[in-house]
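The residues making up each chain are set out below.
There are 6 protein chains.
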Amino acid sequence: MIHRRTMFADLEIPGNLFSEGSPYTFMGLPSDAEAFKSARVVILPVPYDGTTTFVPGTREGPRAIIMASRELEPYDEETETEPWRQGIFTLPELPVKISSPREMVERVKQAGLFILKHGKIPIMLGGEHLMTLGLVSSLKEFYSSENITVLHLDAHADLREEYQGSPWSNACVARRILELYPLVSVGIRSLTREEHDLVRRKAIPFYPAAQLHEKPALWNSIVENLSDNVYITIDLDVFDPSVMPSVGTPEPGGLGWYEVTGLLKQICLKRNVLGCDIMELKPIPGMVAPDFLAAKLVYKLCAYLYRRKGDLRPLDKDLTNC
Amino acid sequence: MIHRRTMFADLEIPGNLFSEGSPYTFMGLPSDAEAFKSARVVILPVPYDGTTTFVPGTREGPRAIIMASRELEPYDEETETEPWRQGIFTLPELPVKISSPREMVERVKQAGLFILKHGKIPIMLGGEHLMTLGLVSSLKEFYSSENITVLHLDAHADLREEYQGSPWSNACVARRILELYPLVSVGIRSLTREEHDLVRRKAIPFYPAAQLHEKPALWNSIVENLSDNVYITIDLDVFDPSVMPSVGTPEPGGLGWYEVTGLLKQICLKRNVLGCDIMELKPIPGMVAPDFLAAKLVYKLCAYLYRRKGDLRPLDKDLTNC
Amino acid sequence: MIHRRTMFADLEIPGNLFSEGSPYTFMGLPSDAEAFKSARVVILPVPYDGTTTFVPGTREGPRAIIMASRELEPYDEETETEPWRQGIFTLPELPVKISSPREMVERVKQAGLFILKHGKIPIMLGGEHLMTLGLVSSLKEFYSSENITVLHLDAHADLREEYQGSPWSNACVARRILELYPLVSVGIRSLTREEHDLVRRKAIPFYPAAQLHEKPALWNSIVENLSDNVYITIDLDVFDPSVMPSVGTPEPGGLGWYEVTGLLKQICLKRNVLGCDIMELKPIPGMVAPDFLAAKLVYKLCAYLYRRKGDLRPLDKDLTNC
Amino acid sequence: MIHRRTMFADLEIPGNLFSEGSPYTFMGLPSDAEAFKSARVVILPVPYDGTTTFVPGTREGPRAIIMASRELEPYDEETETEPWRQGIFTLPELPVKISSPREMVERVKQAGLFILKHGKIPIMLGGEHLMTLGLVSSLKEFYSSENITVLHLDAHADLREEYQGSPWSNACVARRILELYPLVSVGIRSLTREEHDLVRRKAIPFYPAAQLHEKPALWNSIVENLSDNVYITIDLDVFDPSVMPSVGTPEPGGLGWYEVTGLLKQICLKRNVLGCDIMELKPIPGMVAPDFLAAKLVYKLCAYLYRRKGDLRPLDKDLTNC
Amino acid sequence: MIHRRTMFADLEIPGNLFSEGSPYTFMGLPSDAEAFKSARVVILPVPYDGTTTFVPGTREGPRAIIMASRELEPYDEETETEPWRQGIFTLPELPVKISSPREMVERVKQAGLFILKHGKIPIMLGGEHLMTLGLVSSLKEFYSSENITVLHLDAHADLREEYQGSPWSNACVARRILELYPLVSVGIRSLTREEHDLVRRKAIPFYPAAQLHEKPALWNSIVENLSDNVYITIDLDVFDPSVMPSVGTPEPGGLGWYEVTGLLKQICLKRNVLGCDIMELKPIPGMVAPDFLAAKLVYKLCAYLYRRKGDLRPLDKDLTNC
Amino acid sequence: MIHRRTMFADLEIPGNLFSEGSPYTFMGLPSDAEAFKSARVVILPVPYDGTTTFVPGTREGPRAIIMASRELEPYDEETETEPWRQGIFTLPELPVKISSPREMVERVKQAGLFILKHGKIPIMLGGEHLMTLGLVSSLKEFYSSENITVLHLDAHADLREEYQGSPWSNACVARRILELYPLVSVGIRSLTREEHDLVRRKAIPFYPAAQLHEKPALWNSIVENLSDNVYITIDLDVFDPSVMPSVGTPEPGGLGWYEVTGLLKQICLKRNVLGCDIMELKPIPGMVAPDFLAAKLVYKLCAYLYRRKGDLRPLDKDLTNC
Ligand SMILES: [Mn+2]
Ligand SMILES: [Mn+2]
Ligand SMILES: [Mn+2]
Ligand SMILES: [Mn+2]
Ligand SMILES: [Mn+2]
Ligand SMILES: [Mn+2]
Ligand SMILES: [Mn+2]
Ligand SMILES: [Mn+2]
Ligand SMILES: [Mn+2]
Ligand SMILES: [Mn+2]
Ligand SMILES: [Mn+2]
Ligand SMILES: [Mn+2]
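Protein chains in written order, with this note's numbering: chain A, -8 to 313; chain B, -8 to 313; chain C, -8 to 313; chain D, -8 to 313; chain E, -8 to 313; chain F, -8 to 313.
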């Protein structure tokens, strides 16, 4: 059981009545200033879906992940750790700015800088994929280092120059990121001819879902294409719709649970992960399994980050046995 | 049965096989150029919900209304007419522009001008309420006449100066309209203190739902506050959520079917209605009754418009007995 | 706009980035110790549904009310007040004890005593109706005064001696309460022959929904049957299922929004209300209107309590104009 | 509590373990041969929806009513009776015949004759409205008496000569019935011009919903148009969609719970009711209130039938004049 | 982006306002006479579900596929083609005839002949599986050639002699087809003992899902059992319910996306495909992934057909590089 | 087709009208005393979910399985048998006792003893997993034999000493069982550190899902860890959520259909299975595939039991060829 501080510590409550009552944070972990200071990972919920195309509602994604996270088992049986002990702090939802997608991206960037400046690892919960541009922009500003690669897990290339009258669309986010950092794309199974040409022209390391399906050995080559430092952006539609139907633009033929987590574990063991995001959850009312998968994916990332070999920011203490 | 022209007229089809097969237009009415020319009413579907706040998904409203309209009975028993005979033409969905809400408003204005210039009455299907500003702006540009009043049926005042960082929000649409035309608001039951003060300061004719509930006589005074020419904007949340749960921001204590249609009939009999909209339908999957109500409301408006006493554009022929 | 304190007050955040980001409390109001101290009303969420009979899931009621409350307009147009200014504090969800319903009732009683001892008015959010017994028991223990009546709004008499092998069932809650305080029951339209006999034998003031429907004058007599001090328990199935389908045991022929709120206003004006509860919300996935109605009902209660004539605890300052 | 016979009477079961376990019959009442013999009312579930037009799924109506009926309170507080004591027997679902709607109508007729020949009152649960023709046909064959009127509660006139290429459609059921018996139609708010003309030409007593809404006094005249013997057919879409959204073709502006039950009570007090049906329930997954309304309506009918003119069992045989 | 002709070509519209607004056709492709003439593939939507057994609602399948198809990427990354360029024309929904299933089959046959006579390849969207008999019958009449095999992908054998009182049921469709053409059945995992015996007696090439699961090599033998010319009928329940839950009779243990598309590609490369159908989609409200899978399957078929080696009707122009 | 006895055998019904009308039992099989006597398997539905944690509603599981079972094909193609011929009798739902979980466990134990004493194999349908303790307790009391192993298929270890204030929780069921019999756990992918330690300390044969995924050979070793006599408890969340989303606590990375059924077949061939249960189905409204999977799993168990090598109770007659 996770031990929680309560605001009632100094009040006289019979039997410590509310001590287990968990706040609406990731796993119900504490949300006070002390918790922020000692946290290693900071969750940034961004309930924005202004440019979503097909099924609306990814604004409800962050909340659904947080709600489902309250049912997570604190112990991760795979790594034999309790990742919450490293400190996972949940920020309040980032307020939406509707004036234009670009201004919302800027707001995410400011939030990202706030997290990075405090020496934390940001994990953003979306919300639509365009927001990734904001967090990647904050990395660009914060780190002088150039050797960062963005690992892009998605069913879609997201490499359009413009979509629905704007270059600031979730369908263009990888294109915008490409202007900042090198990209490695995994799981793609929907793209335009123009995107296809761009991939070839720019020689973007590109791993379509169908190829990974036919040649499992390809999985091993992905890590090799990454620089020492990595940002991971996960559009949840990279998963097969059978395990993740709760996305706005599902595409058949996607990846499985062990494939994605296996890849993430490899990357965290061999590279420095500076930040991540889990985007595009559009909860289906009455269907909780996909929300829980997303929450467990966040926690798996925490577990893998916890264990990783190197780090830009040193771990203060060994938490492995606490 | 509605008779339909088909594209197969000149092809040899056994038994006129597809003649009843209705296209996905309002009531399945024809969508060719001839139909456009003879139509008196033009339906403009605007599947945009970029600034929606609570429940997302009003982008699906126009489609749901059109689908439900296919089940409408062509005959209107109340007026003893068949309103479809006056010609109801459905435009394709207006493409969404995501760059900013303001640009989408401009696009709606262009579409409105297109309809008005061809001498048709526009009925917009939303989509979010902010779009009303586009259609009202097209009226402002098209008509030199100044004596137009906007009748605003809504649960919310929509009179905020700004919301979520923008003056172009559905929560501000009545405030923006007020900069163009006088306003009469009916059915309101949610507003801010600032909006409340504005209503008093500007002496906006204002009919809260609770007052209409207590003093039914108030209904009669609404028409008197309207100028000769009227634009009617209906935020579907003006209805009670019992009959219209499929909106993004439902408010208890709303109006009933006979109250709203009774009011609309009075207005159409006594004033010139230059355009209307039915906004904010957010379909609930698996629940068709509210979608059908919205479709029938559109058709009721057509029936009332059909019968109305005067008209800026004369009716060419008497359709009453056709 | 509600002004919120944030935990980031002492951190350097560009543009006060998160200041609007609302926590998952009623209306997103502050949840720190300062907020608790200055609050007049304390919300107690009890996500327990261990003895529910028909449709399971009232455990999700408190969360759904809190989520919907975030969309409430801070200003109440009926009373022309902003009730949140009196201070509304949301406790964390009361942890569930599954060993037996009776032990859970005891836990609610302890929570109620905690609230009462700090001089606050409790408003419980359910969760199943049996929990009311816990809160009423805390009143019994806290107040020496005997002249308290429990006003019971419900579709069901809840007067069974035992149900499904236990006297601690939601179907027995009014019977258990009757052992503590006099009862006035309003809106009932389902009861057993035995309950019917008990009502007559004990001369319980009893207002079936059908009678209120036929003789509206009866509404006025309800208040007269109440003592000076009142506890109000609202089983949401007292409403008609058209406005409140999201209950475990819906019954046709129930009360309307203005009927229930009109009664509550009268009571708050003429009696001292020591506590209330809103029970038995079982959210229907994808249908937000009933959740919002429940949230608005809570806020209406706050508005009425705010304005009431007398009070066991005097109001420190006049908040009417703030 | 309803006492039930069990098949385990002669087996040695500790503590009469299963005695409360209710079978899947109306209210979980016994389904053995003894129960059939002593029953006065026989429920006939007909899960057929072969000619349904808009929303499919009325085949699931009978099952949903039976499931919901298990939550009914045995005691009817309005009549102060326990209607189940007169004996309510539930037949197994009538097997569907898909070859043609006409053959399914014939099958219903045979089932109706089976019930009538055993001296029972049939209450059919639908399933689509066309099936009513089968049960009315069985009355025509069974009773020599000619003075039977069919009371038709519906949102639609159902008076088309033919629909979708067949005279055997739910849209034509009243027209087919009219060939057998006089008709009185109540609650109609959707019809074709041809149906409208037919009503006038044949002088069918016709009570549109809008007229009942404006002139409540009309309700009293309905009974006067009925002959001594009556068959009641209820298309559930006669109700307003706010209380009954679970139909295939909802129409706004319908009747309320107390209006319909008030009318049914008057008829049962003043006329002989020879049979009834409750048709067109199309359950909405996850929404139980409308199913329960339909079940309670069936039970209300039993209560009214129970109380008519004189009773308290045993009714010997001739039910025609009771 | 797909270029679309609009009816407004000759009207003066500012900025070509509606040019992107897509009609409700497959992928929003043009639906005028010119489009019909140049199309190679013709989509025939058949919204009929008169004989469906378990879950009703396959009538909504065609519409759901068409709606989802609007989100398809025009470019097919696997074949590196843009299949829409070969011309895909969507007919209006075939009007339903309810008089009997047999008459509806006849209507489909007439529609099939209409398509075949114009030299197009029909792709039918269902709707229930029985309708396949209509399209296969049109092939039988149109082609003198005898060497056609029907490839049947399904979870069920559909080989019953009769079901629910009729030989014209979706449960009998393969039996009826067998009277016209040889059959190859793939993916079966539910059949009766009688069907099992028939398969052996008639030596029907039969590939149960479990065998394909255990011996992947079997996949290669399927094509060998097909004659030069092939009709492909796909009952969507052939897929595993994890990827395709939206069918009326789901069966666990079905096929995957790459298995089915891999097989279809092989067939299109090595055989002449004269027509296809995608049947039995019963959309689940609020769950769009299965509808999209069905739409993408249709488009995959178009891509494979586009590329195929031989053809009864020569391709006029090489579209491969356009 | 399954032949059914009807209660109408001695009544004069035209054309044996209701003979196919199936009762609401597993597969609609007879529910009379004769059927009980000749049955080999007895289905025990236990609609209890008092201690469920995450998503409520497993009380609806038994009913959903029974409803779905009516669509099962009587013939099992894998074993080439018709398992229903061995006799499958469905008891009425076990009435719920809400006083405490422990008392409900006791009630299940009594029901289990009733079944065992009549020489039948019990298959329990849940309802929550804690109920397994009741049925296992009945085995403990009934069989003197000590060599029984409980095979536990689950995503969760369920080995907590206590949960939510009680040792009688579904989260503790395996721990309670361990006090009675040895345990073999398969498919686990969520457990606490304490549970993990207990597994090691007690050397419980433990097969996490991830290991089975990586080393398929492990499957073979499971049977070797079982004693001659086996009780099988299946928490449906052992399946991957893609095929079984309808559970209260879904966990990604679970087992597939052929994996689970393959294991069950092996066990039934090599061990004596004395009883089983299928627990934790929480139906998702409108989604029938998971309910059907659970029903087919029950029937698969019957098929495997039917065929098994040895038996504590000899099979009276060879049913293999009937
Ligand atoms: Mn994507
Ligand atoms: Mn993306
Ligand atoms: Mn509004
Ligand atoms: Mn509005
Ligand atoms: Mn109640
Ligand atoms: Mn209650
Ligand atoms: Mn009707
Ligand atoms: Mn009808
Ligand atoms: Mn099939
Ligand atoms: Mn089939
Ligand atoms: Mn489990
Ligand atoms: Mn378990």
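Keep in mind that the hints were calculated from the coordinates and are not lab data. Incorrect hints may appear among the rest.
Mimicking SDA-like on lysine to any residue, the simulated pairs with C-alpha atoms at most 20 Å apart in a straight line are [unchecked claim]:
| hint | chain 1 | residue 1 | chain 2 | residue 2 |
| --- | --- | --- | --- | --- |
| 1 | B | Lys206 | C | Lys88 |
| 2 | B | Lys261 | B | Val214 |
| 3 | E | Lys88 | B | Glu64 |
| 4 | B | Lys88 | A | Gly48 |
| 5 | A | Lys88 | B | Pro158 |
| 6 | F | Lys88 | D | Glu152 |
| 7 | A | Lys88 | B | Arg167 |
| 8 | A | Lys131 | A | Glu94 |
| 9 | A | Lys206 | E | Tyr249 |
| 10 | C | Lys88 | F | Pro158 |
| 11 | F | Lys88 | D | Arg61 |
| 12 | E | Lys88 | D | Gly247 |
| 13 | C | Lys206 | D | Gly247 |
| 14 | A | Lys88 | B | Ser157 |
| 15 | E | Lys206 | A | Glu94 |
| 16 | C | Lys261 | C | Ala208 |
| 17 | A | Lys88 | B | Lys261 |
| 18 | E | Lys206 | F | Thr70 |
| 19 | E | Lys88 | D | Glu152 |
| 20 | B | Lys193 | B | Lys206 |
| 21 | E | Lys206 | F | Glu69 |
Listing some non-contacts, in silico: residues in chain E with all C-beta distances to chain D over 12 Å [said to hold, decoys possible]:
| hint | residue |
| --- | --- |
| 22 | Gly41 |
| 23 | Met95 |
| 24 | Tyr249 |
| 25 | Arg262 |
Beta carbons: idealized from backbone N, C-alpha and C, even for Gly.
Hints, verified against the model:
Of the supplied pair hints, the one linking B/Lys206 and C/Lys88 is violated, its CA atoms being roughly 50 Å apart against a limit of 20 Å. Straight-line distance between C-alpha atoms of B/Lys261 and B/Val214 comes to about 8 Å, which keeps the hinted pair within the 20 Å bound. Between the alpha carbons of E/Lys88 and B/Glu64 the distance comes to roughly 19 Å, so the proposed pair stays at or under 20 Å and holds. Under the criterion of a C-alpha separation no larger than 20 Å, the hint pairing B/Lys88 with A/Gly48 is consistent with the structure, at around 18 Å.
With a CA separation close to 11 Å, the supplied pair A/Lys88 and B/Pro158 stays within the 20 Å bound. A threshold of 20 Å between alpha carbons decides the hint, and for F/Lys88 with D/Glu152 the separation of about 56 Å lies outside it, so the pair is violated. Restraint check: the Cα-Cα separation between A/Lys88 and B/Arg167 comes to about 19 Å, which is no more than 20 Å; the hinted pair holds. Only pairs whose Cα atoms come within 20 Å are accepted, and A/Lys131 paired with A/Glu94 is accepted, the gap being roughly 18 Å.
About 13 Å separates the Cα atoms of A/Lys206 and E/Tyr249, which keeps this hinted pair within 20 Å; it holds. A threshold of 20 Å between alpha carbons decides the hint, and for C/Lys88 with F/Pro158 the separation of about 11 Å falls inside it, so the pair holds. Distance restraint check for F/Lys88 and D/Arg61: the Cα-Cα separation of roughly 17 Å lies within the 20 Å cut-off, and the hinted pair is therefore satisfied. Of the pairs offered as hints, the one joining E/Lys88 and D/Gly247 is violated, with about 35 Å between alpha carbons and a cut-off of 20 Å exceeded.
Among the hinted pairs, C/Lys206 with D/Gly247 is consistent with the structure: their alpha-carbon atoms are about 17 Å apart, no more than 20 Å. Of the pairs offered as hints, the one joining A/Lys88 and B/Ser157 holds, with about 8 Å between alpha carbons and a cut-off of 20 Å not exceeded. Simply put, E/Lys206 and A/Glu94 have alpha-carbon atoms about 55 Å apart, too far for the 20 Å limit, and the pair is violated. For the proposed pair C/Lys261 and C/Ala208, the alpha carbon gap of about 18 Å is at most 20 Å, so the pair holds.
Taking the CA atoms of A/Lys88 and B/Lys261, the gap is near 43 Å; set against the 20 Å cutoff, the hint is violated. Our distance criterion of 20 Å between C-alpha atoms is met by E/Lys206 and F/Thr70, whose separation comes to about 18 Å. About 15 Å separates the Cα atoms of E/Lys88 and D/Glu152, which keeps this hinted pair within 20 Å; it holds. Distance hint between B/Lys193 and B/Lys206 is unfulfilled; the C-alpha atoms sit about 23 Å from each other, more than 20 Å.
Annotation: proposed proximity of E/Lys206 to F/Glu69 holds, straight-line Cα distance about 15 Å (limit 20 Å). The beta carbon of E/Gly41 sits about 5 Å from the closest Cβ of chain D, which is not more than 12 Å, so the claim that it is off the interface is violated. The Cβ of E/Met95 sits about 9 Å from the closest Cβ of chain D, inside the 12 Å cut-off, so the non-interface label is violated. Non-interface status of E/Tyr249 relative to chain D is upheld: no Cβ of that chain comes within 12 Å, the nearest being about 32 Å off.
Distance to chain D confirms E/Arg262 as a non-interface residue, since its nearest Cβ pair spans about 34 Å, more than 12 Å.
Hint compliance for this structure: hints 1, 6, 12, 15, 17, 20, 22, 23 are broken, all remaining hints hold.
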